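Asks: Next come the chains, spelled out residue by residue.
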Amino acid sequence: MTAALFSIEGLSLDVPGRRLLDGLTLALPAGQMVALIGHNGSGKSTLLKVLARQVAATAGRVAFNGRALADWQARDYARALAFLPQTTPPAEGMLVRELVALGRYPWHGALGRFGPEDHAAVEAAMAECGVAAFADRLVDTLSGGERQRVWLAMMVAQQAQTLLLDEPISALDIAHQVEVLSLVRRMCHAQGRSAVIVLHEVNMTARFCDHVVALRGGRLVMQGTTAALMRPEVLAEIYGLPMQVLRRENGEAVAVPA
Amino acid sequence: MSRTARIILPLAAALALALWLAAARQLLPWADWPGWPLDPQAMDLHQILLGFGLMPRGVIALVAGAALGLSGAILQAVLRNPVADPTTLGISAGAQLALVLATIFAPAMLDQGRWPVAMAGAGAAAALVMAIGARRAFAPVTMVIAGMLVGMTASAVATAITLARGEYLLSLVIWNGGALVQQDWAGTRALALVLVLGALGAAALARPLRVLSLGAEGARGLGLNIALVRGAAVALAVALAGAVSAELGLIGFVGLAGPALARTLGARNMAQVLALAPLIGALILSVCDGVVLALAGAGGEMFPTGAVTGLIGGPLLIWLLPRLRGSTPPGTEAAEGPAPRLARPGRVLVALALVVAAMALLLVWIGRVPGGWAVLDWDSFRAFLPLRLPRLVAAGAAGAALAMAGAILQRLTANPLASPEVLGVSGGAAIGYAATLFAVTAPGQGPLTLGTMAGAALALALVATYARRRDMPAERVLLAGIAVSAMAAAVLSAIMATGSPQSWQVLAWLSGSSSTVGPAQAAVLSAIAGAVAAAAWLGRRWLATLPLGPEVAAGLGLPLVRARLALILVAGLATGAASVLVGPLSFTGLMAPHLARRLGLARAWDHVLGAALIGALLMIAADFGARMAGFPYELPLGLFASLLGAPWLIWLMMRTRR
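Keeping their order, the protein sequence lines are chains F and Z.
Under the working numbering, residues 1 to 258 are what the first sequence spells out, in order.
Under the working numbering, residues 259 to 916 are what the second sequence spells out, in order.
Rather than coming from a laboratory, the hints here were simulated on the basis of the structure.
Given the structure is predicted, the values throughout are model-derived calculations rather than measurements.
Don't take each hint at face value.
Short, incomplete list of chain F residues facing chain Z, as computed with Cβ under 10 Å [stated by the list, open to error]: (1) Gly93; (2) Leu111; (3) Leu138; (4) Leu142; (5) Gln161; (6) Leu164.
Where a beta carbon is used, it is the ideal one built from N, C-alpha and C, also for glycine.
Sequences are here, hints too, so could you generate the full structure?
Replies: Structure (structure tokens):
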């Protein structure tokens with residue numbers, strides 16, 4: 001058993017009038033594809049943003065690779081961890097190659113030379129995500145699925161061992177959903193990376209992820225393997241709705257509202 | 259209504275009454291007050307001053323304040339925008355410009371009174387801002403930027419005309435400041451009628467407006483005729499604001515403060531806000547006018563009341579900003595469709611540089627002489643070069659500095675409408691300039707430059723405190739800048755209203771002129787432009803990443819707060835330095851980065867450099883135009899540039915997204 005990727009203790013986050021995260025204590029395993037699931041407003045995206053240091057927690061401790069979040073320098077953190085926001089911004093006038101090259105910022109900084117290893121990392125990232133074919137096209141002219149792969153390539157170029165993704169498939173059709181999640185899974189299992197990914201779709205979670213953390217109202221409901229997730233009583237507790245679990249011919253579980 | 263409201267409102271009313279009574283008692287002891295109804299035949303001079311001066315003045319403050327509060331409440335409701343009001347949407351400035359134009363070019367139009375002219379101006383400005391807003395789904399920040407730019411342009415043109423025909427227009431200048439002085443009851447009666455009609459209209463609109471507060475889609479789903487309700491509500495608000503403008507002049511921010519304070523005091527639904535906002539507006543204007551009366555009684559110095567409300571308005575806007583909900587649909591604040599991208603930007607940049615050099619040379623060489631144009635021979639060229647070169651270099655450097663500041667701000671905020679004018683730095687610079695004029699006896703160029711830079715730096719510091727907050731979206735930093743500009747405008751109009759010799763100097767500087775530039779100033783400006791370019795080169799990776807938004811930039815390990823502060827500082831210093839020469843308004847900082855982007859200069863450094871070259875080109879051309887158009891007299895440089903820039907800007911904002 002390796003050390004935990006993230007260890008979270010008593011994490012709470014308040015906004016005026018509401019508590020988004022309520023005393024979370026858990027550890028996320030390294031080297032796996034971890035799904036954060038839950039109903040709308042359950043705090044899953046908020047938790048991911050806390051892990052990405054996009055928002056600050058009100059109370060509690062979070063450590064990444066054994067070091068408290070506040071102790072990391074911004075660029076060191078970006079070298080270790082890459083974050084993809086839920087809605088990727090328009091990249092006005094930017095080529096695919098340039099956007100992917102921005103992933104090198106944590107390595108060369110504002111003034112450092114863009115050296116051969118940076119070029120190599122960009123090329124490798126574009127090849128890994130299958131976007132090398134349109135390296136010299138404008139990002140904004142690509143389709144939704146292609147664009148999402150470009151952003152993933154930027155994260156790969158960042159050469160971070162941990163990827164945080166906030167609903168990366170919410171705007172994609174089902175074929176592209178499978179394509180993007182397969183890519184993330186390959187990045188985890190073949191390259192030894194860790195991923196924490198917010199997902200809405202419980203069947204996609206079961207099919208692609210290794211480990212599940214479920215939140216409800218800012219509190220932890222369950223965490224464990226996907227097999228532990230796909231049980232009617234567990235799903236009912238997470239989503240507050242009776243769920244039925246069917247078996248496919250190959251034994252995979254599929255959940256539908258009962 | 260909350261308990262606070264029940265305490266504060268009567269207190270404010272008592273204060274307003276006490277201030278007015280103090281002024282009235284000073285004029286005339288209680289025992290000599292005229293009886294009712296007023297009969298001028300039977301009254302002595304002091305009684306007439308009271309009955310036909312102070313009394314209608316006290317009433318009109320209440321009526322006008324109520325009208326403005328109602329106008330602001332309606333605009334905020336219909337646009338779903340908590341910082342909308344007749345001032346921020348440019349409506350009052352439109353009325354002002356129409357009156358100035360009519361006074362100069364068609365005085366006969368004013369025979370029917372000021373009302374039709376002011377209404378037409380207010381309506382035209384509102385229509386323009388609404389047309390721009392409609393293209394952008396009435397996105398709040400874009401609306402306010404459009405409104406403030408339309409307003410600033412209208413004020414700039416009005417200022418220029420005032421400058422050109424100065425001696426005849428002093429009364430207009432005072433009117434611009436919003437003085438509440440009355441000579442009879444006619445204005446009060448007319449405004450009261452407008453207010454009653456407006457209140458009836460607002461009562462009829464209260465329920466549709468409440469449905470509209472769900473948003474256009476939701477309201478349409480409930481069967482509301484959106485266009486009709488929007489049109490009627492805006493027309494009503496414009497009529498109210500236009501009437502006040504026609505009668506009293508520019509009285510800023512009462513329309514902003516009324517609804518804002520109504521909400522703070524616990525008005526929750528539309529009906530409560532519509533009822534409470536006019537009441538609060540009336541009290542605000544009354545108290546402000548009472549303060550002006552008290553000051554006038556003590557020092558004999560007349561400040562127009564509108565300038566005082568403007569002074570309150572700036573800080574109020576800044577206080578309101580963090581409360582502005584970020585409910586803008588993504589993408590609606592953005593500009594038109596994708597701009598082209600050049601494969602080889604280097605060639606275009608070199609070509610631009612050559613054009614700048616050729617243009618500068620050409621413009622030194624040719625000039626106007628009495629009776630026609632002349633190309634200089636070699637001897638005259640050598641003689642004229644030391645005279646013409648410094649101002650050409652200074653104009654080019656100022657244009658380049660403004661353009662780079664604009665490019666940096668547009669990239670920082672990912673908003674193509676950002677520009678130094680909008681950042682408030684120009685307004686701060688203007689205050690610094692004016693303050694130096696009043697503080698130092700006959701200041702030279704050195705103290706003036708220092709004072710202007712200090713003013714710019716102060717405005718910058720104010721805006722930068724906003725940028726420090728990580729959760730503050732960049733476009734709200736723009737709004738903070740707008741608030742600073744508004745405050746500066748209020749102070750300036752107060753200075754204008756004094757009619758002192760310094761005020762004419764400020765007025766002249768406001769339009770910008772390069773006629774007094776020496777080689778030293780040209781060298782300093784060039785050095786500053788060079789330093790800004792160097793800073794932009796050093797920050798080019800920040801400038802490339804920041805348009806992607808704070809989430810991505812922070813995710814890549816960018817020092818977000820430090821980067822924003824550094825870039826704002828660079829942009830602010832560039833603006834402050836250039837403003838000394840060009841004046842606070844030129845639109846170069848808006849136009850040049852845009853042109854560069856439309857030319858296909860997409861990468862951060864190409865964009866900044868291209869903008870700098872285009873900015874230099876624009877300003878050199880504007881300088882030439884300003885010298886030649888009115889030969890042998892010189893037109894103000896900044897004014898000439900903004901007359902080029904304003905139509906471009908409006909065309910730009912009217913463009914649809916492809």
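Asks: Now tell me, hint by hint, if it's right for this structure.
Replies: Results of checking the hints against the structure:
With a least beta-carbon distance of about 3 Å to chain Z, the hint placing F/Gly93 at the interface is held under the 10 Å criterion. The criterion of a C-beta within 10 Å of any C-beta in chain Z is met by F/Leu111, whose closest approach is roughly 6 Å, and the hint holds. Taken as an interface hint, F/Leu138 checks out: its beta carbon lies about 6 Å from the nearest beta carbon of chain Z, inside 10 Å. Hint status for F/Leu142: violated, given a least beta-carbon distance of 12 Å to chain Z, over 10 Å.
Look at F/Gln161: its Cβ only gets to about 15 Å from chain Z, farther than 10 Å, so that hint breaks. Given hint, F/Leu164 at the interface with chain Z, holds; its Cβ is 8 Å from that chain's nearest Cβ, closer than 10 Å.
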